[in-house]
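Colleague: Here is how the chains run, residue by residue.
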Amino acid sequence: MNIDTSQLFAIFGVESLLGLLGLVLIVTDLLVGKGRLTGPATAVRTLAFGGLVAIFAWSFVLEPGAEGALGTLDSFALFFKRFFLATAVATLGVAAPYEDRLSAGRAEFPTLLVFTTLGMCLLSSANDFVTLFVGLELVTVVLFLMAAYRPQLPRSIEAGIKFVVIGALSAAFMVYGIAFVYGTTGSFEFSQISAVINAQESLPAGLKFGLLMVLVGLGFKLGAVPFHIWIPDVYQGAPTPTTAFLSVGSKAVGVVLLMRLVYTVMGPAAAQWTTVLAGLAALTLLMGGLGAIPQTELKRFLGYSGISHAGFLLVALATHSEASAGAILFYVVTYLFANMAAFLVIVIVSRTDDDNHMDRINGLANRSPFLALVLTTSMLSLAGVPPFAGFFAKFMVLRAAVAEPALVWLVAFSLLMAVTSLYYYLCILKRIYMRDAVDTGFLEISGGARLLLLLCMLAVFAFGIYQQPLVQAAEAGASSLFR
Amino acid sequence: MDMLPFDVNTLTALCWALFVIPFACAFTLINFGRKLPRGGDWLATAGIASCAVIAITLFFKVIVGFGAPEWAWSSAAYGLSWDWISLESLQLPVGFYLDNLSVIMLTMVTIVATCIFFFSQGYMHGDRDYPRFFAYLSYFCFAMLGLVVVDNLLFLFIFWELVGVGSYLLIGFYYDQEEPPKASLKAFMVNRVGDVLFLLGIIIAWQLVGTLNYTEMFAVLESGAFADRTGWALAGWDTQTLLTLSGILIFCGAISKSAQVPLHTWLPDAMAGPTPVSALIHAATMVAAGVFMVGRMYPYFTPDALLFITGIGALTALIGATMGLVMWDIKKVLAYSTMSQLGYMMLGLGVGGYVAGLFHLITHAFFKACLFLGSGSVIHSVHSQDMRDMGALKNKMPWTYRTFLVATLALAGVPCFAGYYSKDQIVANALSWGLSHGVAYYVPFVFAVVGAFMTTFYMFRLVFLTFHGTPGDQHKYEHAHESPAVMVLPLVVLAIFGIGAGGTIHPLAEHGNLWFNRLVPEPASAAVAGLEHVGADTSVHGESYETYLEHFEHNLHVAHYPALIVSILAIVLGILLARRMYLTKATDPAAVARKFGPLYGIVCNKYHFDDMYGRKGVVGGLMFMNRAFAWFDKNVVDGIVNFMGLAQRFIAFVTGLFDKYVIDGLVNFWRFFVRALSSILRLVQTGNVRDYLTWTLLGVLILAITLA
Chain A
29 MNIDTSQLFA IFGVESLLGL LGLVLIVTDL LVGKGRLTGP ATAVRTLAFG GLVAIFAWSF
89 VLEPGAEGAL GTLDSFALFF KRFFLATAVA TLGVAAPYED RLSAGRAEFP TLLVFTTLGM
149 CLLSSANDFV TLFVGLELVT VVLFLMAAYR PQLPRSIEAG IKFVVIGALS AAFMVYGIAF
209 VYGTTGSFEF SQISAVINAQ ESLPAGLKFG LLMVLVGLGF KLGAVPFHIW IPDVYQGAPT
269 PTTAFLSVGS KAVGVVLLMR LVYTVMGPAA AQWTTVLAGL AALTLLMGGL GAIPQTELKR
329 FLGYSGISHA GFLLVALATH SEASAGAILF YVVTYLFANM AAFLVIVIVS RTDDDNHMDR
389 INGLANRSPF LALVLTTSML SLAGVPPFAG FFAKFMVLRA AVAEPALVWL VAFSLLMAVT
449 SLYYYLCILK RIYMRDAVDT GFLEISGGAR LLLLLCMLAV FAFGIYQQPL VQAAEAGASS
509 LFR
Chain B
4 MDMLPFDVNT LTALCWALFV IPFACAFTLI NFGRKLPRGG DWLATAGIAS CAVIAITLFF
64 KVIVGFGAPE WAWSSAAYGL SWDWISLESL QLPVGFYLDN LSVIMLTMVT IVATCIFFFS
124 QGYMHGDRDY PRFFAYLSYF CFAMLGLVVV DNLLFLFIFW ELVGVGSYLL IGFYYDQEEP
184 PKASLKAFMV NRVGDVLFLL GIIIAWQLVG TLNYTEMFAV LESGAFADRT GWALAGWDTQ
244 TLLTLSGILI FCGAISKSAQ VPLHTWLPDA MAGPTPVSAL IHAATMVAAG VFMVGRMYPY
304 FTPDALLFIT GIGALTALIG ATMGLVMWDI KKVLAYSTMS QLGYMMLGLG VGGYVAGLFH
364 LITHAFFKAC LFLGSGSVIH SVHSQDMRDM GALKNKMPWT YRTFLVATLA LAGVPCFAGY
424 YSKDQIVANA LSWGLSHGVA YYVPFVFAVV GAFMTTFYMF RLVFLTFHGT PGDQHKYEHA
484 HESPAVMVLP LVVLAIFGIG AGGTIHPLAE HGNLWFNRLV PEPASAAVAG LEHVGADTSV
544 HGESYETYLE HFEHNLHVAH YPALIVSILA IVLGILLARR MYLTKATDPA AVARKFGPLY
604 GIVCNKYHFD DMYGRKGVVG GLMFMNRAFA WFDKNVVDGI VNFMGLAQRF IAFVTGLFDK
664 YVIDGLVNFW RFFVRALSSI LRLVQTGNVR DYLTWTLLGV LILAITLA
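Protein chains in written order, with this note's numbering: chain A, 29 to 511; chain B, 4 to 711.
So here's chain B without its partners, still in its complex pose (with noise of 0.2 Å):
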């Protein structure tokens, strides 16, 4: 029997309440949102808040209430499941499922989302469009509740594409200028490609294991008892080869959502959207989605799956971490900050750091949005974006210093921070994946502790650029003021979280005592166990799979101090070096650049990565072959269409003549100017009922002669 904190019904009402009660405020929003005091923004943030209410409820109900890490509850264990599509060989129900994991996610949700709320209502204020700004937020959350909060992988997608909708209104909300509209569409297009791979995944998986319910699938997947669909569909293939596509085919769409390379372009283009916009959407929720749904798909995948998430993870985290090291926009720095932790959770799931990975989308979901806001803070102060235009805003502005301060240390990985415990926990699973394996598995630790320094590095230089030294630009130095209670309040909150996330300010606390790690156990691979069934090859990189969990244990143990060390060593290394830079200013930046001229260049030019879907690149391929195509469908298959309408005007002139001739005594006049189908139907009406009864008495007659 399942431990409940609260009656069956009370709970699912509670899962209809979280994603309906953002709905219902967006579409007042958006219908009546002018009308209302304020705009209604009070209407959204008291939906938002409680939504938070509930989610915190239920966090403490389960987390304090029974503590047990492998709680988890499934409507449609009790039967409380909808059928959405229901035919004979088609059964699609939908239901929620909740378990720790899902319950901490929607507390960081909501309340990461109820600072962002309260923060807009200072900076988006006096905007034109201040309701629709709500009423997009609103629906935002919606989708991202709903996300985390349904029981099964078709659904996850439906609301996986709502997020993205809402991603796209969102950043193109300045409709009104330029580059916005532009980076909402290329967001939106470039998560179309991970999101068609993604479904693809989706049908390979409902293909082979017959169900896309998340706790179904991975019992199939347990005992082996695959679905026989592939028999016609799939055939001659083997299980563990479909797993494995399906797996890397289900994890592209988090390539494209969770901005991993190389379909991460559209993350700092997004940035064009407003800043709460980017703290909530492209910082802590929307992109975080993608490493919940790895999260959440874990067992699914197998060990060759999981190589691909490494590997793709470990480039993401050293590419993001070398282009935020040159960027001059704040946001840009910020963004390609998010990129590369992204990848640093995704490095952490791969390499079996289920729980380091998952950890660390927690803590950066709030040091992250506090940064973001922060930057939106000295954006609304300043009106610029250039970190050339700021300098020594922390006399100006100290809350906002203190807080951005405290969540960059987070950020880095400093001891006792939230973001130390997490990160940490990566690093030794990078390390420990590496003592597992051998030589060349020492690479994701590599660049991860390559990418800590960075991180480090390039914070600290937004730091320094932005809040000390000497002022940019004296107009707007002078001009610079500390942002609202409304703004300052949520950095204020999300600031405690950056140092409270982690559960324990103890610098060497042990992983396995920390809160999450408890709470939050790593699942057993099914995709492994299954196949041990099905009599596939189940060894691990020559490992059988028990004895590799047993060595890996191990060597975390072993790994933990060392990655300690080096990740403090690259820490420390970060911070020096950007205080020689852009403190002290004993190096000269401009002289490093110099020093490494061609590099710099492809990392200020991001790698070349939008040239190459560029016009010139794979935009231009695909315009190549659209001409192509249309060339062929205008003169190929036009033609074919053409002959057939044709052919068929022919029938039915045959047909016309055939009636003409058969009931001719209907027929009084023949107008031959009119197309010979219509004129024969017209004809047959006459509009005289006396021929209208000769009709039907032929017919009776035919059906009489018929039937006799």
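So that you can see chain A by itself, here it is in the shape it has in the complex (with noise of 0.2 Å):
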């Protein structure tokens, strides 16, 4: 394995800049700190959204093409990479307005939020297995880390150690499996795995045994029933910004591996995980919609919210075409405007207590019409209702799987649960219109949540209407894991 510096860089341009900004945050934070909370908090936030903003569009110039022996920036990479620098400039966005009830660390949490996304670019990447059990570690530890960030509550602390048991688990389950993949194929590299995968006809025992477990590894990441149940319990307890990346970051960093494990490594061996993986997303879809129904707190309702979204990828992931792997990669651009809309505001009606109960949003319409429209935009559209974005995401993920007459049950599931699902979120807007409010302070939006709601409304307006730009660049990035 011979490394050529020039080359890495090509390949890992993007996680290079992530570490160097990671390392300017911490310095200047030494450097402006001087023992004072708030000033270094700020100008390691500016800095932190300066340079997340700039790498972003720095991206844009890159070229798809390069490879190497430890990862590959081909446009699927790329798609992805953009996406989790979007996703952490958001996450950004939400954690502005809830800095005022850290106690410590502010300045830290931005810098950790880099490091996590330089995990997360490091893993959309990877063609091999060594690179994506580190960048999974990287993005995992740090990720504990951030659900714990608030010693002084008990649920924060609770939240982190599950968290941190489940994650473990996880890892082994993942180890496990990387090793029995070793044994049977002798290498690492996906592209080696998948010609051994694809040489014979039926798998041998220990490679099936193996890829299962990595399918189970990655399961957690993603939110698949039953390796959702570390969900709610986290989601709940973990600071509301760490919440919100947990939910789009963490999910995407399941679904781009899985993506890379099921179109490119096993390639077309995994029609025969098609009975799993379909089973997997009803099962996911179940538990998902009928979860959701009774919760009264928003943060856990919204991850009963997003292991259904998991559902719907499973049955794109299921139906293993280029056409469903095109809908996936417009489903979670969706989902990243929907979600992280629903999280600012969740940060903003809180206030200053950190009580997420239900109530906090009843007669929001008349607290703040501003609000109370963005998080309805936000749950049409994650319930899929036209004509926004969801509706779109949904309607490409079934049409691919319709194409496949073994998934039919499933489509026909999909959307039976899609309609159970619509009741849950019409509750939310039931509280929205038509109660009365239980909380009636004054709600705070600053100018920037003020930008960022916008945006993620008009984000999940104008896909709705006009899908092309986004359906092409997510055919474009899904293109190259097929050839």
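Hints were generated in silico from the structure; no laboratory data involved.
Some clues are possibly wrong.
[Claimed, not checked] So, partial list: chain B residues that the calculated Cβ filter (under 8 Å) puts toward chain A:
1) Ala655
2) Gln688
3) Val703
4) Ala707
Values in this document were obtained by computation on a predicted structure and should not be read as measured data.
Where a beta carbon is used, it is the ideal one built from N, C-alpha and C, also for glycine.
Starting from the two chains in their separate frames, assemble the complex, guided by the hints.
Modeller: Here it is as structure tokens:
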């Protein structure tokens, strides 16, 4: 394995810059800090924001094509790098109004965020189980910290500990699986493993078991039933910006790796896994759909909603066609905008006391028509109501799936669950518009938050009306998986 | 190679500019109007004026530059169209389409609109919602111009709906008064009826032709290569029937939008809006959009569909004119006059006078806008709409009077004025249609002539009552005054067009030599041509299409002078009668009304159309149906739904029990009083990490077993 530095930079340019940015943030914190709380936080946040936006912009200059021993920069990787960078920027936006509630470590939060993003970008380029595992651990370990970020709140500590234990379990499955895969194929590289897999009629039991273990490890990230079990507790306990980041970023990590695994590594052999994936998808949809109904806590509710979205992503994964891969990329982007808007609204309505009970949004339409409109848009998009982007995302997934005769039952079931999910999203709308407010305090919306909300809402709306640019970007991104 | 006045990208940019500028103005005014000096009226006026500059530039570059009747430009031909929706089986590209007709239309709309924007600055001065008014006007212009420049039927429909919204907003502009909100709602609802039918027509057209782009549609029709979508959706119908059906349905959109019988009832009520709105939307542009649409889709209509159009047009022309005879409200007279004139246009189009109908659309827009603005000027001065309060105003308001008179002469079709050239052509076409087909087909001609007589009569009645004779209300008369220059100048400009839009003042000019006839040639009927390919009966009322066309051309020539003489006679008769009844008072109008007793009553009650739609008519029937449906909903559908709900809850409950006993070890206690489903799920989520791990391991185990 010979490694060439310039080639490495060609592949991992984004990651290098993110690493640099992280170091700069640490140094800035030290230099500006001198023990004060707010000064360095503002400086670090501003710097992190500027840096992330700059790297995001720079990523559009990059041309896909570089490939090396540790990673690849195909159009798929590039799509997800941009996605993760955008997620990080949005998370910073969600974190900004939340910052006042942190008694310590305000400046470190953006720094940690940058490092997680680095891990996520690394994962989107992974073409090797070593890179995959290193990146995954980088992401997970930093997320542990971010989940337990408010040590004075027992709930946050609880969330952190649960996350660590479950994360350790998932990592254990992962390593176990990787070991089996290496043992049966003799390689860590995706391309070679794929060659071995597709050279034989049926997989040897060891390889099958190894792949299953890896799948399980990734199932935790995606939040597929029965590996979703950590989601409600951790989502509820973790600070809201972390939850937002978990719900979009961490889920997308599962998506990006599962897509690599299923579409590239397994390739045509994945057809044997259709039943397993479809079964998981159905279970996940069921659990997400029914679990959300009795929730009274906003973040827990969004956790279950996220599980049901994971179900839809699994439907697309089970379909295993180029169209379904494009649909997944479209889906995650629409999910990003709708979800970030929802979490930012939660941050604003929970105000200073971190009460995220659903009562908080009662009568929101009278207290702040703008927030009500944003949350309505977001909920309707998540529910998949036209003309919002979420509708088109679900439509693309189901349209791809219906082409597969073996999956028609799953499509029918997904539709059923989509209707069920409409019920609980509409319950939220009922609270917004038809209930009297419980909390009547002043809702403070900073200019930045307003801008981010507006942007998310417009994106959800615009991609619902005029989908072509995003559809094309998603198709271009997915195409490199099938080369 | 097309002849282009500019390079392709400039042309495209101009098309964009035409409707984006008014939209930007509307957006700015609705948000920041109150913060701008003068409420931002200068911004809206500058916006529409710049559109007018673009349109006039195009007009001169295209019309004067090329003078070619066949000129047309489609952005799609240069690859400049955008996919609105693009799926494998569903492509909906949208682009721009310009030809002589749309350039002329754009020029007319922007010039009239600019005049009206200026006029509004005077008319609406001091209104509480001054910026909102200009925002709505700009918004309307955005939709109207968009409607003209797009290249396909679907986007025409979308903009069609958007102008409808503009009309709704502007009719109900005085939302705190009693009438306007009702009128706006009525306009919206009545238009819904036509629009739904229009959409149905579009859907059939899409099934049948497979595209909604104008040029592509006509090409498909002409080649006879119909899409076979009809195979499953419309099986058992032959192509000609379908074409006729969809043509009639598409025309139904125009019935409501252009206030044709029987969906005309909203137009008179729409006069509740501010007068400049009546001038812009309900006289010059939006109501004419229906005529423009029929013109655009002209090759699509089969002879049977055209027959339908003729019938509706002729009825509207006559019924509108009769109702104009008896109204006392100055704006209502003009509204019924507009309705009648729109009927003339449809009639013209229907009898094969494509050029005549559209020409009348253009000339009518100018002088009818002038009439409405003139009535606005009078209302502004007298503060009443009732003609009995007016009289003798010609001394007080000389400029309003002069321009009003010019426009009246143009509307009546007095030789040398613009209306004469277009209306005369319609009458000639109607006569030639009768000559070509036989006795029964003279009806439209007779209606047109009688209508022309009535038009002259009610217009001169209006002029005499308002401007001549003695003041109806001395107090109001004394306070009457000429309007400010910002209102009078637009009147003058429009009056000049009222004379000049005909392009000549030679009373005996050959129709073929008029500017409009030279520039807008009649398209061949693609519908008929296409039917030849599919072998359907292509005869037009017993003749082959070619022979029919030849006969028609010949008859048109024959009909010119007889038609001219008859219409001039009708006009003279109308003026003389109006003079006798309202100026010299030799005959008492009330006596005449008594003589026609029952008939007069029917006309005064607007032929009971409103009653027919009202509580005891269509609406009442609908409400009965609603109640019936509500009952059905409540008792049957809800019953099914509730049963399904119960069934689902039962299934969920059973699933819950299953869960409980399978994962018994995870469950520590059972909360009996919580709903079965939620409690199960909550109990799974124990919060105990060890339970979670057990769960997960179990899942892995099951997965491994499944795979093995």
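Colleague: Would you mind marking each hint as holding or not holding in the structure?
Modeller: Here's how the hints hold up against the structure:
1. Ala655: Status holds, d = 7 Å.
2. Gln688: Hint holds; Gln688/B Cβ to chain A Cβ min 6 Å, cut 8 Å.
3. Val703: Nearest chain A Cβ about 5 Å off; hint holds.
4. Ala707: It holds, given that the least Cβ distance between Ala707/B and chain A is near 6 Å, below 8 Å.
In this structure, every one of the numbered hints holds.
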